[in-house]
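J.: The chain contents come next:
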Amino acid sequence: MRGAKSAKWVAGAIVVALAATACGGGNDKGDSAKGGVFRMGITEPTAIDPFNAQESEGSLVAHNLFTGLYKVEPNGKLIPALAESATTSDDGKTWTFKIKAGTKFSNGEPVDAEAFVRAWTRVADKKSASDVAYHMAGIEGYEDLNSGKSDKFAGVKAVDANTLEVKLSAADFEFDKKTVHTVFAPVPKVAGAADNKAYNDQPIGNGPFKMEGAWEHNKKITLVRNDDYGFEKAKLAKVEITILNPNNTSTLEYQGFQAGTFDWARMPTPQLPVAKQKYAPKNQWVEADTSGINYLVAFNQNAPLNSPDARKAISYAIDREAIAKGVFQGMQKPASSVLPPSFADVYQEGVCTTCVKQDVAKAKELAEKSGLKPGTVLDFGYNTGSGHEEWVQAVAQQLKDVLGLEVKLNGKPFKEALSEQKDKKTAGLWRSAWGADYPTADNFLFPLLATGSINEDPATGAAQGDNRGRYSNPEFDKLLDQARATKDAAARAALYKQAEKLAVDTEQGLIPLWKRTQYRLANTAKFDNVKMDFFEDPNLAEISAK
Amino acid sequence: MTELTKSTADAGTAEPAAAPAPAAASAEPAVARVTQWGEIRHRFVANKLAVFGLVLVLALFLTAIFAPLIAPQDPYHQDLTNTLQDPSGEHLLGTDALGRDQLSRIIYGSRIAVEVGLASIFLACAIGVVVGALAGYFGKATDSVLMRVADVFFAFPLIIGAIVIIMAMGRGVMPVIISLAVFSWPTVSRLLRSSILSVREADYVHAARALGASTSRIIIRHIIPNSIAAVMAYAAFSVGGAIVAEASLSFLGVGVSPEVPEWGNMLAGAKDFLGVKDFLWVYPSIAIVLTVLGFVFVGDGLRDALDPKLR
Amino acid sequence: MTTSHITAERPAAAPGDDETPVLEVRDLHVEFKTREGIVRAVNGVNYSVRSGETLAVLGESGSGKSVTAQAIMGILDSPPGRVSKGEILFRGQDILKLSEEERRKLRGPKMAMIFQDALSALNPVFSVGNQLGEMFRVHQGMSKKDATAKAVELMDRVKIPAAKARVNDYPHQFSGGMRQRIMIAMALALEPDLIIADEPTTALDVTVQAQVMDLLAELQQEYAMGLILITHDLGVVADVADKIAVMYAGRIVEQSPIHELYKRPAHPYTRGLLDSIPRLDQKGQELYAIKGLPPNLLKPPAGCAFNPRCPKAQDICRTDVPALVPVTEQDGAELVGRTSACHFWKEQIHG
Amino acid sequence: MGSYVIRRLGQMVVVLFGATVVLFACLFVLPGDPVGSLGGDKARDPAVVAELRERYGLNDPLPVQYGNFVKNLAKGDLGEDYTQRRPVTEILAPKLTNTAKLAVAAIVIDIAIGLLAGMIAALFRYSFWDVLITLLTTMAVGFPSFVIGLVLLSTFSVKLAWFPVIADGSFQSMILPAFTLAILDAALVARLMRGTMLEVLKADYVKTAVAKGLPRRTVLFKHVMRNSIIPVVTYLGISFGSLLGGALITEAIFNWDGIGLALVLAIQQQNNPIIIGVVSFGVAVFVVLNLIVDLLYAVLDPRIRLA
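In the order they appear, the protein sequences are chains S, X, L and G.
Per the numbering used here: the first sequence = residues -18 to 527.
Per the numbering used here: the second sequence = residues 265 to 575.
Per the numbering used here: the third sequence = residues 4 to 354.
Per the numbering used here: the fourth sequence = residues 1437 to 1743.
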């Protein structure tokens, strides 16, 4: 979910450029508290309680308040946290986790297997209406609990204080990787039900930091070091998180960084080239291709894009390089695969052959072959107010110029956009983006391309899942099933690669555009070891003041 | 702009208009005899500002009509290798973030401005005149009901109301026109109604009635011609306001589609480059300002010409 | 003369120095600058009024009678209006030479004015008590409470019923006659030496007119003030005025003691005015009206300004401006206080 | 007076009713599911959507939904937003404070600049200052708020760096948006004041005041001012109402965290409870301010009888 709401790779609606307006002196007493104070800005999260923390802002806070079974490195590698060991049954359906003994929540309650059962049940409960509960959908008994038929989570069991047994309804040898999501965090008894407003605004957790006071909505969230943390303690004494206006957060963050009030910042896209020039030499520029993809949904089941050739013609007609340079001023990189480079084991650069370079001749040829004649009307939808207006126009123009299509741009607000994408009758293209929730290839391929992710509503025909382009190929679905049930990591990766090639290259089920490239400024003058983590947030638990 | 026309036109939702309040300037029926058109024209032409305004408005109309002949380039033509170019011989007003010629886009932008400005106000006047005439004619319950309906639409701030309608209808030129008209007509109908009510008591109407003229005849022959003057002055004045409202909607990203060359769209795209590429917002702003001033001057001139005592 | 502290204990009867008039206007000229040119609204007016005396100034609108009054009070709209020539002697002193502040201090305690339309002349947003009391507060530094008490007293004096209850009412809450009484009370407040009443009864019903006029006359007698009564209605002044000055196009065309004028007008214009009063004994006859319109002061006719409308105009009337000359009996005997500005006054007065 | 107020309040209820019906009708026909997404690219879990639709009564027919809305509104409850599931009133309260701050600042500027300029122009009619003020106020009408906003922002924040580029709620950051909002109104107030004052200066009662021997300042500041400000007060009252309803453009340009900006964002995200909350509030404020202005009018001008 992260990245979605804030759409941070292109700044929000109103972005005001800054001509280096450092205003007022920053708060420099940071070092007075032992360990230092790290300051940053975010937009108002949807929730910081793990039951519903979802976008990058919410998970930033939740990740630092809670420690789950595993942590993840930026490259997708799992690091055991509370899980001292994990064993998987040969059918891949039963997972047994040994929980590290003796750690406590900051209110003194023990972190045991029961804390996980309690937490997961709380999440999946119907009444919680958790937006992120579906990550648990593979666990046995989820259906019953989530539909209100039961108030127990049948597949989750505390065998003893330190043993957690999880039964899945289908084989999944990568279940452990899913648990890096904050929705799998343990909670203490005081958490109560999901609608416990007091806990929602001031969660008590077992993470490296704890809340100092409650969440002041639209103002700030303050974290202080948890000195009773059961793992290597954080070095920072305090983290001050200012909640900024969602309209132009990146501008505010950038301004704050320049003024010395923030130690970490995003930047508005038009400012990136200037900022890079200024801060890269100071070693304060952080840049990474993270676990996400920007792509075009091509509606596979409706004309005119109901043939692989037609979709390939579109892909060939787009000059990704020119737009990356002309519109994004070189700050976006063309993508040639769906899986991101950060997933080293499955990354295949150039797997999408049509993505590598614009090819006018091939585009025309394929268009001709597939009946995508000049003058064909092509709807091209996008959601408004998120900074997509410019580049979609550029793509539309290229499709007009190369293929002579009559491209109809269709800008809609989020909800309308979504409802239109879901509609069975929708045809043409729609801009979209995807960010991984956990470091698995499956987290891209299944939701975006599997038949099961269409999840058509029998009543309305709307696609309720994320595969709104409605790519559907039994062979692909079978490859994914096989991969999930393959214990050996290398063999599994090979299957995923094969699946990606089939869906993205052979059949062009969707059209990759650019990588998810993230840029940050980090105050390396005052802090050591500042990095961007898997979730595109600063690695607060490891930062130390100079 | 919109607030201006609304609140000066009619301060309250009800009666207190008896006071000698010049505030109610535009609401006060400009009781011009229809036979005085010559004199009205004379007074208008004598008003230098009004003539200047007329020149601006005519220039706008000509630009809109002959845009394809005047514009040096296709306003949609993108040149991704030449984005954000400063003004030069090749691109007199520079290029935008997609390398499109800004001068051409400003020239074509006049079309949307004219289209939306005229159509929305025409529609508003049409609805307003009908409702106002009905309310003024029938009075009593009809009047109360119609005026309450007018109050409802009057109570929405223009931009906010328009956004709500556009959300329901979708973006585009037609929704913008309709949404602006929907929240502009109450001013017209109030204007017409109060004008009818006051004219109804005028001596020449009493005289006509005494001579046995029917009510409908009185309305058509005496009341409407005398009230329509006020509506016309309002209309001229409001076209500028409607253009601003339309540009505001596009600026907020809810007006016409962003690829359409339109001034509000241009500003919306330009604000990302404030302080970096200022020519991107300066020139469209100038176009808007001149246009609005043109209509305001014409409107003012018309009002003064119709009713010189209001000067 | 310029002291502003004139206490209420001042004797009611003014120091009646009969030799010095309270007010004397000498060769007064007032002009207005307009876009079309200079309008000479007053062209050499002379008149005077003594304590206890009532001078009626008669004329159509635009004749300069009100402008003269405003010039005396010092409330001309300036610009565009200004006194271009002449003197206004108040108790012998030329008040045109005083500073604005000195003149201000004359207004109220020394001279006061009653306007035609009390509804528009009273400020609509202040209570009458406030507006009456203001005289005392500003000129005598009286407290708000005392000033209100004085206001009630004044209202009693001008016979407004239930004065105490109505002192906080607003002007629009009074009837026309009552409002005019309030105007009168306001003018009388500081017992000035001179009151200028500009058409005080024009806006009133006929019955009320008489009451207000009587009240004015009564109070004038009581306080022995000089009164300049400006009117266009000969009927109104007959009973109250001592003498009369008839104005036409910025000039005085005839001056006379009141009753003589009615008997024997010495100017065709006055004749016309008299003939246009409806009279019971001429019932059934067509009412006389002076033909034509008042002159355009931007382009006054050459010669006598009245000539285009005069039934008896001769060539000389179209070339020479007639001077204001003393009028005599046929035998040359002096007629005290009578003057006329007609080339043919003799023919007019003696038939 | 009492019965007048009661009647007007009755009318207000009718107007509010009508306005919210229009609002509901428009939002109801929107194609998107109000709880269908959180504004991102991912679809919301159908189970969650179903649960939330149930919880917020979105499956009820429109009239029932509207009825519930009115019932809650009467209790001062605007419901919960569908994202954070927090009470709308709680979300909007601090933003309303910010909007009110800005509105008050703008009105203060209107009064200070508008009244003064109008007075100077009227008192020194045809002077240099009059011509200058008339020219400026005439020009100002042609400048939409987004143009003024961009000009002020680029000049005083970006180029001169006198003010922060993005409002943070501080007094300093309030100055530019307040001016942006105020310039047009100040110009109109100045024009109104000039016109009214010229009218009043010609009035008989001003002559009376002079003839009474009142000092010039008493004539001007008591008799002239008191009558001249009546229409200005009326105008400012209405203007204040529209400012309180949220200045969308200005708040958006300056990133002022008020209800106008909240509305802009809510529209982008189709956050219906917030849209309904802000728009209903805007309409209510406008209607209430209108009533207040009419009552004020009666207080300022005793000739007005409210009936």
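Keep in mind that the hints were calculated from the coordinates and are not lab data.
There's no promise every hint is true.
Said to hold, decoys possible - Dumping the calculated BS3-like pairs for lysine-lysine here, alpha-carbon to alpha-carbon at most 25 Å: (1) X:LYS312 - L:LYS36; (2) L:LYS147 - G:LYS1537; (3) S:LYS107 - S:LYS170; (4) L:LYS153 - G:LYS1537; (5) G:LYS1537 - S:LYS201.
J.: For each hint, tell me whether it holds in the structure or not.
T.: Each hint tested on the structure:
no., hint, verdict
1, X:LYS312 - L:LYS36, "23 Å, holds"
2, L:LYS147 - G:LYS1537, "39 Å, violated"
3, S:LYS107 - S:LYS170, "19 Å, holds"
4, L:LYS153 - G:LYS1537, "47 Å, violated"
5, G:LYS1537 - S:LYS201, "21 Å, holds"
Violated hints for the displayed structure, listed by number in ascending order: 2, 4.
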